[in-house]
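**Q** Residues per chain are reported as follows:
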Amino acid sequence: MSGNKTEVEKNYLNDQKGIKSWLLTLDHKRIGILYLYSIMFFFFIGGMSALLIRLELIRPQEVIVGADTYNQLFTLHGAIMIFLFIIPGIPAILGNFVLPLMIGAKDVAFPKLNLASWYVYIFGSLFAVYSLVTGAVDTGWTFYTPYSTSTDTSVVSMTLGAFILGFSSIFTGINFIVTIHKLRAPGMTWFKMPLFVWASYATAIIQVLATPVLGITLLLLIAERLLGIGIFDPAMGGDPVLYQHFFWFYSHPAVYIMILPGMGIISEVIAVFSKKKIFGYNAIAFSSLGIALVSFLVWGHHMFTSGQSEFAAMIFSFLTFLVGIPSGIKMFNWLATLYKGSITFETPMLYALSFMFLFAIGGFTGIMLGALSVDVHLHDTYFVVAHFHYVMMGGTVMAFLAGLHYWWPKIWGRTYNEFWARIAAFLIFVGFNVTFFSQFILGAKGMPRRYYTYLDQYQPLHAFSSVGAFVIGAGFFIMAFYLIHAMVRGKRIGRNPWGALTLEWTTTSPPSHHNFEEIPVVKNGPYDFDRIRVENDKWIYKEE
Amino acid sequence: MNHTETHPSFLAHHFSESEQQRESAKLGMWIFLITEVLLFSGLFTFYAIYRSWYPDMFINAHQHLNVALGTLNTIVLITSSLTIALAIRSMQLNNRRQTIILLITTLALAAIFLVVKYFEYSHKFHLGQLPGKFYTFTGIKGTNPHVFFSVYFMLTGLHGIHVIAGMIAIGWVLRRTINNHFSAEYYTPIENAGLYWHLVDLVWIYLFPLLYLIG
Amino acid sequence: MDTTGTLFLPPANSTIAPEVDALFQFILVTSIIFFLIVVGGTAYFIYKYRKKGKDGFTADISENRTLEIIWTVIPIILVFIIFFWGFKTYLKMHVPPAETIQIKATGQKWFWQFDYDNGASSTNDLVVPVGKPVELLLSSQDVVHSFYVPNFRIKMDVLPNRYTVTWFEAPRQGEYDLFCAEFCGTSHSKMIGKVKVVSEREYNEWLEASSNPGEGLSLEEYGAKLYQSKACVTCHSIDGSPNIGPTLSGLIGRTEQFTDGSSLSADENYIRESILNPQAKVVKGYQPVMPTYQGILKDKEIDALVTYIKSLNKTGE
Amino acid sequence: MSIKAHHHITPLKTYLSVGVALMVLTIITVVVSFVHFGAFNLIIAMVIASIKAVLVALFFMHLLYDNKLFMAIFSISLIFVSVFIILTMFDTMQRDSIDEVKAKPIKKNAIIYDK
Ligand code: HEA
Ligand code: HEA
Ligand code: CUA
Ligand SMILES: [Cu+2]
Numbered sequence: 000m001s002g003n004k005t006e007v008e009k010n011y012l013n014d015q016k017g018i019k020s021w022l023l024t025l026d027h028k029r030i031g032i033l034y035l036y037s038i039m040f041f042f043f044i045g046g047m048s049a050l051l052i053r054l055e056l057i058r059p060q061e062v063i064v065g066a067d068t069y070n071q072l073f074t075l076h077g078a079i080m081i082f083l084f085i086i087p088g089i090p091a092i093l094g095n096f097v098l099p100l101m102i103g104a105k106d107v108a109f110p111k112l113n114l115a116s117w118y119v120y121i122f123g124s125l126f127a128v129y130s131l132v133t134g135a136v137d138t139g140w141t142f143y144t145p146y147s148t149s150t151d152t153s154v155v156s157m158t159l160g161a162f163i164l165g166f167s168s169i170f171t172g173i174n175f176i177v178t179i180h181k182l183r184a185p186g187m188t189w190f191k192m193p194l195f196v197w198a199s200y201a202t203a204i205i206q207v208l209a210t211p212v213l214g215i216t217l218l219l220l221i222a223e224r225l226l227g228i229g230i231f232d233p234a235m236g237g238d239p240v241l242y243q244h245f246f247w248f249y250s251h252p253a254v255y256i257m258i259l260p261g262m263g264i265i266s267e268v269i270a271v272f273s274k275k276k277i278f279g280y281n282a283i284a285f286s287s288l289g290i291a292l293v294s295f296l297v298w299g300h301h302m303f304t305s306g307q308s309e310f311a312a313m314i315f316s317f318l319t320f321l322v323g324i325p326s327g328i329k330m331f332n333w334l335a336t337l338y339k340g341s342i343t344f345e346t347p348m349l350y351a352l353s354f355m356f357l358f359a360i361g362g363f364t365g366i367m368l369g370a371l372s373v374d375v376h377l378h379d380t381y382f383v384v385a386h387f388h389y390v391m392m393g394g395t396v397m398a399f400l401a402g403l404h405y406w407w408p409k410i411w412g413r414t415y416n417e418f419w420a421r422i423a424a425f426l427i428f429v430g431f432n433v434t435f436f437s438q439f440i441l442g443a444k445g446m447p448r449r450y451y452t453y454l455d456q457y458q459p460l461h462a463f464s465s466v467g468a469f470v471i472g473a474g475f476f477i478m479a480f481y482l483i484h485a486m487v488r489g490k491r492i493g494r495n496p497w498g499a500l501t502l503e504w505t506t507t508s509p510p511s512h513h514n515f516e517e518i519p520v521v522k523n524g525p526y527d528f529d530r531i532r533v534e535n536d537k538w539i540y541k542e543e
Numbered sequence: 000m001n002h003t004e005t006h007p008s009f010l011a012h013h014f015s016e017s018e019q020q021r022e023s024a025k026l027g028m029w030i031f032l033i034t035e036v037l038l039f040s041g042l043f044t045f046y047a048i049y050r051s052w053y054p055d056m057f058i059n060a061h062q063h064l065n066v067a068l069g070t071l072n073t074i075v076l077i078t079s080s081l082t083i084a085l086a087i088r089s090m091q092l093n094n095r096r097q098t099i100i101l102l103i104t105t106l107a108l109a110a111i112f113l114v115v116k117y118f119e120y121s122h123k124f125h126l127g128q129l130p131g132k133f134y135t136f137t138g139i140k141g142t143n144p145h146v147f148f149s150v151y152f153m154l155t156g157l158h159g160i161h162v163i164a165g166m167i168a169i170g171w172v173l174r175r176t177i178n179n180h181f182s183a184e185y186y187t188p189i190e191n192a193g194l195y196w197h198l199v200d201l202v203w204i205y206l207f208p209l210l211y212l213i214g
Numbered sequence: 000m001d002t003t004g005t006l007f008l009p010p011a012n013s014t015i016a017p018e019v020d021a022l023f024q025f026i027l028v029t030s031i032i033f034f035l036i037v038v039g040g041t042a043y044f045i046y047k048y049r050k051k052g053k054d055g056f057t058a059d060i061s062e063n064r065t066l067e068i069i070w071t072v073i074p075i076i077l078v079f080i081i082f083f084w085g086f087k088t089y090l091k092m093h094v095p096p097a098e099t100i101q102i103k104a105t106g107q108k109w110f111w112q113f114d115y116d117n118g119a120s121s122t123n124d125l126v127v128p129v130g131k132p133v134e135l136l137l138s139s140q141d142v143v144h145s146f147y148v149p150n151f152r153i154k155m156d157v158l159p160n161r162y163t164v165t166w167f168e169a170p171r172q173g174e175y176d177l178f179c180a181e182f183c184g185t186s187h188s189k190m191i192g193k194v195k196v197v198s199e200r201e202y203n204e205w206l207e208a209s210s211n212p213g214e215g216l217s218l219e220e221y222g223a224k225l226y227q228s229k230a231c232v233t234c235h236s237i238d239g240s241p242n243i244g245p246t247l248s249g250l251i252g253r254t255e256q257f258t259d260g261s262s263l264s265a266d267e268n269y270i271r272e273s274i275l276n277p278q279a280k281v282v283k284g285y286q287p288v289m290p291t292y293q294g295i296l297k298d299k300e301i302d303a304l305v306t307y308i309k310s311l312n313k314t315g316e
Numbered sequence: 000m001s002i003k004a005h006h007h008i009t010p011l012k013t014y015l016s017v018g019v020a021l022m023v024l025t026i027i028t029v030v031v032s033f034v035h036f037g038a039f040n041l042i043i044a045m046v047i048a049s050i051k052a053v054l055v056a057l058f059f060m061h062l063l064y065d066n067k068l069f070m071a072i073f074s075i076s077l078i079f080v081s082v083f084i085i086l087t088m089f090d091t092m093q094r095d096s097i098d099e100v101k102a103k104p105i106k107k108n109a110i111i112y113d114k
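Residue numbers (numbering that gives the first Met the number 0), protein chains in the order written: chain A, 0 to 543; chain B, 0 to 214; chain C, 0 to 316; chain D, 0 to 114.
Possibly wrong hints are sitting among the right ones.
[As the list claims (entries may be wrong)] Straight-line distance between alpha carbons at most 20 Å, and here's what the computed SDA-like set of lysine to any residue pairs gives:
(1) K53(C) to V119(A)
(2) K195(C) to Q456(A)
(3) K47(C) to E345(A)
(4) K25(B) to L77(D)
(5) K12(D) to R88(B)
(6) K50(C) to F344(A)
(7) K140(B) to Y112(D)
(8) K101(D) to S138(C)
(9) K103(C) to I97(D)
(10) K25(B) to A56(D)
(11) K106(D) to D55(B)
Honestly, the hints are just simulated from the structure, not real lab data. Computed from a predicted structure; not experimentally measured.
From just these sequences and the hints, can you work out the full model?
**A** This is the structure in structure tokens:
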């Protein structure tokens with residue numbers, strides 16, 4: 000319909016100009032971009048604090064900071080990475096941008112709410128970071144009582160910040176559920192939806208159900224601090240273990256808020272880069288929902304040594320193992336998708352393959368932690384630190400990077416330098432394993448986490464781990480350069496550089512303000528590579 | 000774009016028909032309501048656990064709440080739920096005047112609820128039956144009676160905040176009704192405000208027996 | 000039973016440790032197998048099915064009931080085994096045998112205090128006899144700590160205002176690291192001690208000696224010992240440098256400014272009060288984090304500490 | 000598309016009867032609470048409250064006539080509330096199952112009662 004020239008000339012990026020047109024935009028794509036900038040900024044801060052942590056741990060005793068500063072550093076690192084980076088990350092950036100495109104909608108259901116969620120995010124983040132930095136909060140991201148009710152740092156304002164951030168998450172969740180229910184293009188049945196949409200749907204359910212509980216937990220924590228209401232603080236007749244129940248009721252499901260959208264991206268990328276129909280579409284879709292629901296029943300596995308009842312520990316351990324199964328099903332389905340494909344190795348695929356490798360390790364170590372007796376030994380050691388970095392950094396962040404590289408051409412209409420992208424991917428993959436595999440050994444040997452100094456026997460592994468962190472840093476550094484370069488100078492690209500079959504690739508890159516020239520009517524499944532392929536933006540059907 | 004049919008002014012550009020928009024708004028509201036339910040769930044858990052630990056203290060302490068005022072407030076709130084439901088019905092029948100009257104009645108009932116609550120609170124403040132460490136009352140036997148009042152004030156306080164939020168929402172739709180924004184075709188905001196208000200009522204329906212009546 | 004440890008695990012030095020290790024190794028081996036299947040399979044496929052030549056259409060394979068059942072059921076069976084195995088050992092860890100030596104362990108910022116039946120007590124060093132089950136009754140004076148001995152594979156959180164219980168039996172003599180594994184503030188990483196497993200005879204001798212400490216020592220010498228053993232050293236220096244707390248050297252006669260604005264020249268009574276009720280007057284520039292030693296130190300021990308602190312003035316000048 | 004077909008308008012009579020039923024139930028629950036049935040008081044009160052809640056949800060909130068999806072969503076939220084309470088109580092109610100000493104606080108009363 001519209002020639003190549005108009006595509007370049009008129010799109011969502013340039014149809015309106017000026018700061019105001021960005022700050023007041025209701026376009027889901029622009030809001031995605033706003034999120035991209037702000038979340039990347041906080042990721043940068045979180046990453047820098049991680050490098051400081053690793054620098055400090057390079058040898059025992061003080062290297063660059065004192066004990067209190069160190070404690071604030073890992074609190075800052077953990078809180079930023081969790082609340083400001085990884086939870087909003089994929090849904091708010093990539094979900095916002097591509098989800099409506101993928102289902103053929105003109106926008107999300109509530110554009111104003113969407114914009115509001117960004118403002119709430121910014122406000123809450125600044126509030127939280129301000130109190131983390133100036134208020135010297137040193138509780139860890141978990142705010143365990145009674146430490147958090149007795150330390151004299153600004154726990155109250157930090158928790159208020161996290162409370163505000165919760166609304167942002169809820170708004171995004173509501174928006175996605177309604178969008179998916181009500182705004183699908185004609186012909187887009189539930190089982191013709193791309194798997195990323197399914198994953199986002201499952202994620203949104205968790206966001207909506209779990210986040211309010213974090214809200215009330217933080218409110219109760221604040222009330223305990225200010226009024227001494229006697230729920231969490233033993234001095235006031237409260238029970239510190241109860242706090243842990245409240246906290247993990249949200250925070251365990253939250254880890255699946257982090258991973259599910261990542262798994263959605265992996266499903267897209269694996270199918271597209273092996274040009275193969277996805278294996279077990281239904282199984283992948285339903286396992287997302289399964290994970291979402293069962294994830295609410297296992298929070299007590301963070302508390303096996305906390306003094307909770309043995310009965311509860313037993314139930315929680317049992318249920319924990321049940322969540323492992325659907326994750327496994329997904330892994331096997333991806334594996335089977337590769338079978339008899341026609342596989343290429345562009346950057347998104349490299350990250351997807353890294354995901355398979357790293358998430359498998361992260362997941363298996365999760366199983367070790369879920370085993371009651373083994374967890375008693377491993378709890379609160381570097382083994383746990385390594386586990387969650389493998390699933391969060393090795394899982395979610397890798398998936399996020401896969402998605403970022405996959406959709407980057409769609410977002411900007413320009414592509415990045417494949418050569419540098421591969422170098423960065425390589426550095427990140429190697430650096431990551433160096434950094435965190437050594438931490439499995441450290442932890443199993445007994446090195447407790449949140450330690451600012453440690454016994455000499457752990458020194459070699461710590462030093463090794465620290466070196467790895469800087470290799471990761473170098474990888475991200477390169478990435479920042481070539482991605483920014485791609486935004487402004489990158490090679491222009493057509494509609495469908497990867498030959499994918501989902502709807503977002505049928506519109507221009509970058510898409511126009513209203514997404515599609517015409518609302519698409521869906522007839523094919525999202526992964527019908529057995530009968531369709533796309534070459535130079537032309538759809539070629541296998542004649543039947 | 001090919002939906003050049005009549006595009007009513009209330010219909011946003013990304014919806015293709017008003018029924019889709021209405022359903023979306025209601026679905027969004029319902030999802031928001033469940034976040035509210037889960038927000039309260041923390042306090043109900045708080046209640047359940049401490050009540051199961053200290054049943055006697057809870058029974059002794061609850062006797063210091065005023066059942067008459069609690070009942071009065073229950074009736075006030077239920078009536079207000081009824082009036083807002085009727086307000087929506089009037090709008091469905093395009094009876095704008097009646098809607099306005101019913102909405103105002105609802106607001107008035109909500110205000111009565113708050114006034115009654117105010118009297119209850121100030122009486123408790125006066126006696127030193129305050130939450131947490133400000134608790135100074137001595138007349139209740141059992142372990143840590145201040146915890147009961149913590150639960151009481153957290154629950155009724157959070158509920159009170161929701162009453163105020165509900166009043167703001169109703170006030171807003173009232174204004175829009177007066178400005179003639181609604182008709183039998185389009186009244187979703189009133190419906191949503193109504194849903195919110197009913198939820199506030201639902202929470203109270205459980206709060207009332209749990210705090211005032213169980214003995 | 001191995002005493003050197005493996006690539007992952009430290010030496011196993013309690014009766015429960017080998018059971019934990021066995022499960023650990025079992026999961027490790029299963030994981031490696033599954034890892035090889037998933038990642039090895041991926042590696043094989045991406046090599047075998049890498050794109051060759053022009054894009055064609057790929058096969059339409061989207062389901063295989065048998066395969067799907069296999070990869071659902073086998074993991075389920077495996078996790079059932081892991082669950083029961085883990086639970087069995089966990090229960091064992093939580094049910095002490097009938098005959099145990101009972102020791103009270105108290106965590107507090109940032110040291111461990113152990114109280115034995117006969118009135119003996121020790122700080123940071125837990126002394127136990129070899130080959131006897133030892134049961135610990137844990138509680139905390141302030142925030143949550145966690146009692147962790149990697150070589151024994153036991154860990155139990157130490158909660159304020161509640162008791163928790165753990166137990167172990169060490170089959171070999173030796174010294175093992177004891178860590179605090181729950182974040183508890185500034186010196187969390189220094190809240191470490193030792194578990195000393197000694198022969199039955201040495202244990203009894205030690206008990207005897209510690210129930211009557213300070214015997215044969217001058218008050219000053221005894222104070223010096225307590226300064227070390229009661230963990231004053233974690234926060235106070237005697238060389239004049241400030242630490243978490245102010246230095247004790249030159250304290251007597253020093254004029255101290257307090258956070259409430261008042262000031263006072265330090266004397267014996269003030270030191271006594273500082274130990275028993277440290278929050279009463281908090282020195283300017285420091286946090287009110289010193290634990291109270293009320294009920295931990297006996298009168299005589301306080302006397303000894305005061306004498307010792309006094310003596311630091313003389314040596315300082 | 001006919002709008003009328005989609006929007007159910009509840010008859011006035013239904014609304015009023017539900018309102019009256021709610022009032023009556025309120026009175027009953029208050030009255031019953033003054034009679035002592037031991038543990039049953041809690042059950043009775045909760046049953047009555049739930050009946051009231053169901054009435055409000057079905058009629059005032061139109062769950063009966065509206066999209067059944069809303070009913071599903073609402074029930075799911077209630078399920079998760081009970082999950083929260085029940086699983087937490089698996090801990091708090093079972094702490095003494097192996098060792099009595101683990102269930103009781105060392106000091107029963109909060110510090111505010113020390114004065
Ligand atoms: C993205 C986030 C994420 C994800 C996806 C997971 C996934 C899992 N986690 Fe993890 N976890 C965290 C983030 C995450 N976790 C964080 C942040 C913490 C620490 C918080 C803190 O304390 O600060 C933590 C801590 C944590 C603990 C507590 C440890 C402790 O403190 O003592 C436990 C214990 O059970 C656990 C278990 C699991 C399990 C069983 C899974 C499972 O979902 C994994 C399932 C996947 C697989 C099993 C691999 C693939 C499967 C197959 C190939 C099939 C074959 C499988 C079998 C034979 C079993 N995690
Ligand atoms: C998403 C979650 C996430 C991520 C990605 C990371 C990433 C990293 N983490 Fe973190 N970590 C946590 C979540 C995360 N962490 C949490 C929750 C805790 C627990 C806190 C607590 O105990 O309370 C923790 C704790 C933790 C510890 C333990 C501290 C302790 O217990 O004492 C350590 C120690 O090594 C560590 C290290 C690292 C390192 C080296 C990285 C590196 O991988 C980081 C590398 C990243 C960078 C160097 C950023 C570079 C970015 C740019 C240059 C911008 C790029 C721009 C574009 C792409 C456009 N982390
Ligand atoms: Cu005590 Cu950490
Ligand atoms: Cu978890």
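**Q** For each hint, tell me whether it holds in the structure or not.
**A** Verification of the hints:
The straight-line distance between the Cα atoms of K53(C) and V119(A) is roughly 49 Å, outside the 20 Å bound, and the hint therefore fails. Between the alpha carbons of K195(C) and Q456(A) the distance comes to roughly 19 Å, so the proposed pair stays at or under 20 Å and holds. For the given pair, K47(C) sits about 17 Å from E345(A) by alpha-carbon distance, which is consistent with the 20 Å threshold. Only pairs whose Cα atoms come within 20 Å are accepted, and K25(B) paired with L77(D) is accepted, the gap being roughly 19 Å.
For the given pair, K12(D) sits about 12 Å from R88(B) by alpha-carbon distance, which is consistent with the 20 Å threshold. The hinted pair formed by K50(C) and F344(A) meets the criterion: a straight-line CA distance of about 9 Å does not exceed 20 Å. Taken as a hint, the K140(B) and Y112(D) pair is honoured in the structure, with Cα atoms around 12 Å apart against an allowance of 20 Å. About 10 Å separates the Cα atoms of K101(D) and S138(C), which keeps this hinted pair within 20 Å; it holds.
The straight-line distance between the Cα atoms of K103(C) and I97(D) is roughly 18 Å, inside the 20 Å bound, and the hint therefore holds. Annotation: proposed proximity of K25(B) to A56(D) holds, straight-line Cα distance about 14 Å (limit 20 Å). A C-alpha spacing of about 18 Å is found between K106(D) and D55(B), which places the hinted pair at or below 20 Å, so the restraint holds.
Hint 1 from the earlier list is the only one contradicted by this structure; the remaining hints agree with it.
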